[in-house]
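Participant: Spelled out, the chains give:
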Amino acid sequence: MPAISATAVAPRRLQWMTATVRDVVDETPRARSLVLDVPDWPGHRAGQHVDVRLTAEDGYRAQRSYSIASAPAAATLTLTIERIGEGEVSPYLAGEARKGDQFELRGPIGGYFIWTPDLGGPLFLVAGGSGIVPLMAMLRQRAAAMSTVPATLLYSSRSHDDIIFRAELETLAGQGRGFKLVHTLTRERPAGWRGLTRRIDRAMLESVGYPPKASPRIFVCGPTPLVEAAARGLRDIGHEPHLIKTERFGPTGT
Amino acid sequence: MSEPPISRGFRGRKPGGPSSRIPPGQHLVTDFPVLSAGPTPEADLKSWRLTLEDGDSPVGEWTWDQFNALPQTDLTVDIHCVTTWSKLDTNWRGVTIDTLLEAAGLTEPPAPFVLVHSDGDYTTNVPAEDLVDGKAMVATHFGGEPLDPEHGGPARLLVPHLYFWKSAKWVRRLQFIDTEQPGFWEELGYHIYGDPWREQRYAGD
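Protein chains in written order, with my numbering: chain A, 1 to 254; chain B, 1 to 205.
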């Protein structure tokens, strides 16, 4: 590929790059991380996403957007994908793809739903299901930068087995560097579960999160109903709408 | 660019619609996904106003009742989101920008570019010529029902021939300006124009 000439006028086009699967990590029965080698990866900020494009042998292509799970500081780029039954691309990425397989991606994309340690906090992260992925990049970035910005994650999952990054989150919370982890399990609970058991609501956001006077930076990511309920609850508590950043995905975000 | 790598074992299920109506890189959906950068605003219809501005000067303003008394148009169109979903034959009702200009006593757009302002401080930019001649409307109904807040209700812009982020939800003000000014997503790396048929997703595409 020829070198891209710098021009003052034309914005640089996001080029398609070849990603090679270096490693596959099963996170839950339905979610899988793909650790990728992307030789020309330009770097990213936590919260950004990429467009992935698959090409079949007959030349047919399909593309979708996926959040980046890895911290900018990590040596490899990691996408974590939840397999959605009706999906076209996610069953391939989270089921079929294995070490050595290749596809195209381009990015990073998105300059709004991002957090860097210099933006400060407190940081209040609200996740539903695989909505944890861009928020995990923020937590990994926070840890990699040894940031002491207070951070709280309220994470709604259907069951204990559906919690993505469960062990890593527990490790981060156990390090005691100002990170608080709160799970809520909405469908099934393991025996002896003493945590939260209902969908995210205003009362939960109020008791788990920071008060409006602390001006937390709030990131909400998950399925649309969860994001709508959380964003409304946060606004009703008194948080400034411009401090509430949201990303929604639905069954078609596959 | 060299040949793209074949993704071993990927067959796909094809876009699922007539190729003449599915732009490159898009796939057909039947539901209606929601994407917004922040909380869904709650509009108070008593204080709601839609304003047309020539630069900083208001040239037309309507209350909710006045807006709904304007001639209504039905439009059935295909819509295309930059996140790669397309939805065919969506049915909208609202007031075309032509009708708004006429109601404001204007025979043509007062300036060549428009910055669209919404509740929640969202903006997007569209050339004025892309809003006239029946190409765009301020829509209040989807599928015969009042537009849900999460889909942009009470009123959103509808510019179906451009990627759907241009169809700003919760629209309140159309500001006609002489020099093109990038809006919210356009400032953040998305394409300044956003033609789905030329796959203009991001700056430089």
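These aren't lab readings, by the way, just hints derived from the structure by calculation. One thing to keep in mind: the hints can contain errors.
One-sided excerpt, in silico: chain B residues whose CB lies under 10 Å from chain A [claimed, not checked]:
#  : residue
1  : R11
2  : R21
3  : P24
4  : S36
5  : T40
6  : E42
7  : A104
8  : T107
9  : D121
10 : E150
11 : G153
12 : E187
13 : Y202
14 : G204
Backbone N, C-alpha and C fix where the C-beta goes; we use that ideal spot for every residue, glycine too.
Participant: Run through the hints listed earlier and report the numbers of any the structure violates, in increasing order.
Facilitator: 2, 7, 8 and 11
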